[in-house]
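Required output: the full structure, derived from the provided sequences and hints.
Residue numbers (my numbering), protein chains in the order written: chain A, 34 to 221; chain B, 14 to 143.
Read the hints as simulated data drawn from the structure, not as lab findings.
Take these hints with a grain of salt, some might be off.
[Said to hold, decoys possible] Taking CB as the label site, the calculated pair distances span: (1) B:Asn102 / A:Pro206: 50 to 60 Å; (2) A:Glu146 / B:Asn64: 25 to 35 Å; (3) B:Ser57 / A:Pro206: 39 to 49 Å; (4) B:Glu15 / A:Glu198: 46 to 56 Å.
Computed from a predicted model, the values in this text were never measured in an experiment.
Think of the CB as a built atom: it goes at the ideal place given N, C-alpha and C, for glycine as much as any other residue.
Listed here are the chains, written in short residue letters.
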Amino acid sequence: MNPNMMYAQYREFCEIACKRHVIFYYVGYFSQSIISAMADAVRMGVEHIGAASQTRRRLFSSFVEMAQNIVHYSADALTPEDRNDREMRHGSVCIGIHGEKYFLICANPIKTEMAEQLRETLEPLRTMTIDEIKAAYKKMLQSDAPEGSKGAGLGLLTMARDASEPLEFDFAPSREAGITMFYLKATI
Amino acid sequence: MENLHISATPSSPEVDFRFAENVLSLRGESYPENAAAFYSGIISSLNEYLNSEVRPQAIALNVELTYFNSSSTKMLFTLFGTLNDKVANGVEVTVNWYCHEDDDTMREFGQDLQEDFPSMKFYEHAIADD
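Set out below in structure tokens:
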């Protein structure tokens, strides 16, 4: 490729990211060590732009929950399905600014049959008040982890608690049979 | 019983359980990949200590965690429950809960712990903002 052409394309990509106020974007495989390195970058980035300390903590918390969900649940795994440590799975995460608020969006492939279950978990969270979210969180904390959870069933509730608007989500068909793309957005 | 010391990593806290002195401390950040695996070993050492022949009379638990993820929260709750069960057997448990003054989430979690485990003595301490 003509180098001038290459730089032009790259500049175009950077300009779009800048126009959309993207402050962090990663697509690729997620592992625990990649997450902790990214966590450093995210922490530095949000500190640099001067976000209030409580906002920084909420952004950081939502980032870690999203990234760890990808490591635990993305359908595109480099490591065997039944392994529960040192996993590597594919997805993407983006942090940006929209008006006065920050947003985080993550995306990863899931098995199509998981979509309904996710919808059933996420949809009720959207209409709950912050007090109802906190009560649900407390109830979940005191009960056993739900089946199929690799954590405590608290991840989505934690994001809902940290967000200032209802969590948004979407599903899109994938070229691969039996696979659906899952998108999740949290506004802080 | 031997003390338990685990050094901190970028995503797991320092665990400094000095059983001989009855002082148990957690410091740092907690978001290991598998919190259940990380904490279950710690909780089983704690159980071994609590049920040992030389039973402790008074235990201090210092929690100086600046961040923990959702699955660590669950395991910390279990750890508190394990200690709280011993209060009924006459063991005095004091919790020193350190958090940033403006960290509402952490303060509220501390307050929730106090409500859930009222027999433990609970003291909140401020860490200076960095």
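Assuming the hint says 39 to 49 Å, is it satisfied by the Cβ distance from B:Ser57 to A:Pro206 or not?
The hinted range 39 to 49 Å holds for B:Ser57 and A:Pro206, with Cβ atoms some 46 Å apart.
Between A:Glu146 and B:Asn64, is the Cβ distance one that fits in 25 to 35 Å?
violated (45 Å)
Cβ-Cβ distance between B:Glu15 and A:Glu198: within 46 to 56 Å?
holds (50 Å)
Taking the beta carbons of B:Asn102 and A:Pro206, is their distance inside 50 to 60 Å?
holds (58 Å)
Checked against the numbered hints given earlier, the structure breaks only hint 2 and satisfies all the rest.
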